[in-house]
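K.L.:
Below are the chains, spelled out letter by letter.
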Amino acid sequence: MSSPEWNNPVVKWVDDRLPVFSLMHHSTAGYPTPRNLSYWWNFGSLALTVLIVMVVTGIFLVMSYTPHVDMAFDSVERIMRDVNYGWLIRYIHMNGASMFFIVVYIHIFRGLYYGSYKGPREILWILGVVILLLMMGTAFMGYVLPWGQMSLWGATVITNLFSAFPIVGDFIVTLLWGGFSVDNPTLNRFFSLHYLLPFVLFAVVGLHLWALHAVKSNNPLGVEMKQPEDSIPFHPYFTIKDLFGMGLFFMFFLFFVFWAPNFFGEPDNYIPANPMVTPPHIVPEWYFLPFYAILRAITFDIFIIPAKLGGVLAMFASIILLMVLPWLDRSKVKSCKFRPVYKWFFWILFLDCIFLGYLGKKPAEGSYIIMAQLATLYYFAHFLVILPLMSKIEKVVDLPESISAAVLKKSEDA
Amino acid sequence: MRKLFIAAVAALTLSASAAQAAGGAYVPELKDVNWSFEGFFGQYDQKQLRRGFQIYNEVCSACHSLRLVAYRNLSALGFTEDEIKEIAAEKSIRLPHGDAGALLNDDGEFFTREAKPSDKFVSPFPNDAAAIDANGALPPDLSLVAKSRLGGPEYLYSFLMGYMDEVPEEVAHQKGFILNEDKSFNIYFPGYYTSMPPQMMDELVEYEDGTEATAVQHAEDIVAFLNWAAEPELDERKSLGLKVMLFLLVLTAMLYALKRKIWADVKH
Amino acid sequence: MADTATNVENKTEDGESRRDFLLLATSAVGAAGVAGAIWPFVDSMNPAADVLALSTTEVDISQIEEGQSVTVVWRGKPVFVRHRNAEEIEQAAKDDSASMVDVQKDADRVQKPEWLILIGVCTHLGCVPLGQKPGDPRGDFGGWFCPCHGSHYDTSGRIRKGPAPLNLAVPPYEFLDDEHVKIG
Numbered sequence: 001m002s003s004p005e006w007n008n009p010v011v012k013w014v015d016d017r018l019p020v021f022s023l024m025h026h027s028t029a030g031y032p033t034p035r036n037l038s039y040w041w042n043f044g045s046l047a048l049t050v051l052i053v054m055v056v057t058g059i060f061l062v063m064s065y066t067p068h069v070d071m072a073f074d075s076v077e078r079i080m081r082d083v084n085y086g087w088l089i090r091y092i093h094m095n096g097a098s099m100f101f102i103v104v105y106i107h108i109f110r111g112l113y114y115g116s117y118k119g120p121r122e123i124l125w126i127l128g129v130v131i132l133l134l135m136m137g138t139a140f141m142g143y144v145l146p147w148g149q150m151s152l153w154g155a156t157v158i159t160n161l162f163s164a165f166p167i168v169g170d171f172i173v174t175l176l177w178g179g180f181s182v183d184n185p186t187l188n189r190f191f192s193l194h195y196l197l198p199f200v201l202f203a204v205v206g207l208h209l210w211a212l213h214a215v216k217s218n219n220p221l222g223v224e225m226k227q228p229e230d231s232i233p234f235h236p237y238f239t240i241k242d243l244f245g246m247g248l249f250f251m252f253f254l255f256f257v258f259w260a261p262n263f264f265g266e267p268d269n270y271i272p273a274n275p276m277v278t279p280p281h282i283v284p285e286w287y288f289l290p291f292y293a294i295l296r297a298i299t300f301d302i303f304i305i306p307a308k309l310g311g312v313l314a315m316f317a318s319i320i321l322l323m324v325l326p327w328l329d330r331s332k333v334k335s336c337k338f339r340p341v342y343k344w345f346f347w348i349l350f351l352d353c354i355f356l357g358y359l360g361k362k363p364a365e366g367s368y369i370i371m372a373q374l375a376t377l378y379y380f381a382h383f384l385v386i387l388p389l390m391s392k393i394e395k396v397v398d399l400p401e402s403i404s405a406a407v408l409k410k411s412e413d414a
Numbered sequence: 001m002r003k004l005f006i007a008a009v010a011a012l013t014l015s016a017s018a019a020q021a022a023g024g025a026y027v028p029e030l031k032d033v034n035w036s037f038e039g040f041f042g043q044y045d046q047k048q049l050r051r052g053f054q055i056y057n058e059v060c061s062a063c064h065s066l067r068l069v070a071y072r073n074l075s076a077l078g079f080t081e082d083e084i085k086e087i088a089a090e091k092s093i094r095l096p097h098g099d100a101g102a103l104l105n106d107d108g109e110f111f112t113r114e115a116k117p118s119d120k121f122v123s124p125f126p127n128d129a130a131a132i133d134a135n136g137a138l139p140p141d142l143s144l145v146a147k148s149r150l151g152g153p154e155y156l157y158s159f160l161m162g163y164m165d166e167v168p169e170e171v172a173h174q175k176g177f178i179l180n181e182d183k184s185f186n187i188y189f190p191g192y193y194t195s196m197p198p199q200m201m202d203e204l205v206e207y208e209d210g211t212e213a214t215a216v217q218h219a220e221d222i223v224a225f226l227n228w229a230a231e232p233e234l235d236e237r238k239s240l241g242l243k244v245m246l247f248l249l250v251l252t253a254m255l256y257a258l259k260r261k262i263w264a265d266v267k268h
Numbered sequence: 001m002a003d004t005a006t007n008v009e010n011k012t013e014d015g016e017s018r019r020d021f022l023l024l025a026t027s028a029v030g031a032a033g034v035a036g037a038i039w040p041f042v043d044s045m046n047p048a049a050d051v052l053a054l055s056t057t058e059v060d061i062s063q064i065e066e067g068q069s070v071t072v073v074w075r076g077k078p079v080f081v082r083h084r085n086a087e088e089i090e091q092a093a094k095d096d097s098a099s100m101v102d103v104q105k106d107a108d109r110v111q112k113p114e115w116l117i118l119i120g121v122c123t124h125l126g127c128v129p130l131g132q133k134p135g136d137p138r139g140d141f142g143g144w145f146c147p148c149h150g151s152h153y154d155t156s157g158r159i160r161k162g163p164a165p166l167n168l169a170v171p172p173y174e175f176l177d178d179e180h181v182k183i184g
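Chains as they are written, first to last, in the numbering used here: chain A, 1 to 414; chain B, 1 to 268; chain C, 1 to 184.
Bear in mind the hints are in silico, worked out from the structure with no lab data behind them.
Listed next, the in silico SDA-like pairs over lysine to any residue satisfying Cα-Cα at most 25 Å (straight line):
no., chain 1, residue 1, chain 2, residue 2
1, B, Lys47, B, Ala76
2, B, Lys120, A, Asn84
3, B, Lys85, C, Gly76
4, A, Lys337, B, His268
5, A, Lys395, A, Phe350
6, B, Lys238, A, Phe264
Taking beta-carbon pairs under 7 Å as the criterion, some of the chain A residues facing chain C (in silico):
no., residue
7, Phe60
8, Asp82
9, Val83
10, Asn84
11, Tyr85
12, Leu88
13, Ile89
Which stretches of chain B does chain A cover? Using the computed rule of at least three CB atoms under 8 Å from a CB of chain A, they are:
no., segment
14, 144-151
15, 245-257
The structure displayed is predicted, hence computed values, not measured ones. Where is the CB? At the ideal position from N, CA and C, for every residue including glycine.
Produce the entire structure from the sequences given, and follow the hints as far as they go.
P.N.:
Right under this line is the structure:
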């Protein structure tokens, strides 16, 4: 699409030297978007919105936070009690982490359902998985900063995961800690990285958007845009749709901030960290629970891999696996709308993930372990067995000729 | 197909809850209290907070610190500046040293000064070791106790009212349960035995506002006060929340109308 | 996109203007919301409640001999408390008629003539003037001297020579009794 001619001489002067106006035009009024996007496509811009909210609230929290084991807890309480609107900013930040994961998980499952990871969007998808990994790291380190009991013990358990690796394990753990246990040096480096990573996130989100603008959005039909009638410009159609979605989303978000601010949190984190006493139930934040369940499901040695290492590898593999997803699913059809059999397996996977999350919250004993093992088995089987198999044997429904053809047919039927 | 996996999920969920019931120790359901600060519009009852403060000040503060709350915060309970000054001045703060730098005064005691409104509540013991020494166990700081216990104010109320003279059968028959005559049995306390003897009895304090001094009243009042100590922002939080929600409702409705207008002629 | 272009052309005048009004109204409400959302962040940078609670300082003045000065900290700034002797009081009153940049009577700057209480920050560029300790230079007018750019203050803390534009400021204070002053 060619750049528009700018009438305003100042705009033209700037644009000739730094084409910001052309860039804005290309990503708004000049950006063709499939006309049939559903509300599930709102969650990308929502994720960016939450990222911005997190960075802004975070920057203001840092103005009153002290990263030191003796003062961190009290400095957070000072924010809650003495800093003007400190409670609001802190609760937005705290609940914002959960909101970020809710939005991003929906965004991911939407991509899974509509086959948004398939060509030509492989790099777009892989960048998304990188974003997820960065988010997880950032969230984990942020949770350590208030220095409550869950901060300390969560950090202890998660950093100890690395000790599972043979030979280099202990070296890595000591390096992460900067000492012989999770202590002040650990808190300081986590603070530093927690401040850094969101900006790395911004950069990767930029790449994610760049890739998106190169390959354009997928859509509920999974049929690429072929002709002008298939698309409408992003602005004003999707700017207003995204803004409306944001209104709804902020009502959901702020409901928790104002009426149930500790709904997603653990009470134990309001007890100052005590290296001598471990809380009876250590649970990670809800967004890590499915992965935590996979970690704990491996209670047996796999050939020469000891159980502890096996659990860690399985957990990391469950995320890394997503990166090769475009090459595991060889089906030509993107959208589950036209995949009558695979559609059901998608929903089973979805429930499997929820179930894994439920199990991650439960103590690892008795029947819970067996259930977690079965759920983990399904998780991996879905990607490594069912998907490749489906691509071969599934009979797909005929695809519509084009987006506009389907849209017109739908409105005629109505 | 759908029926099949709904059945499978149901079966898994059922077996999961069965497993849970088998694992845990016996804990009755928490007692439910209708707090004034519950729900969408719920706010603190200032009179109740004052009664609760009176109980903390006259009873709890003998052992429990409240280190994150400052005397100046009592203005939220309706105390005037002079009253707060008086309340603070009853306590003294140990100074690191005197004016001349000496650690102890001529009588061999620590230098002290009266507490001021800007000071945090003075703790009953100089450090944890002294507190354990005097009480047999560490009496927890109460500033965040309403937030740091599962069940929050309901748990605290249940705990305060959960002391029993006789160990109930459900507990006595549990594997590994051992009677402990030195401590107090409390059905809601994790592990059942607490070093704190029961406190909530009629006439524990004589209320300044003339409210009848029953054990139940005391328990409700002190828990309300402790909830305030943990969440002093609650009143402001909810009232601001209502305004923000109302605003968002209007804005979102307008955005929706605009969306309808802009999309009116586009088939999608 | 040809399709949408024709759609736009087909719009009636009426529909167009109603949409414009809605767009304007929604933008206005949205802008108000953004402005409202910014305030908590700005306000969070204002002094917090615990800082405000420390905004007064009580000084015991019973130990300050005539002719002596002490410096106390109030709101993070030095405050000069000088117990003036008769000579200094007389000099300050006499200088009321002298020419100066920031004209003020000595009587307007003190509550009790023997006690001069000033914020010890030079009104030029914020240095702390000398003159509190016995050996310090006190400038040409016997008050304070700012070493940074050479401002001279008199025995009432008024600027008499040098680049400073204003007299040393008098903080709000009150005598609680004969021995205690509350600053702030």
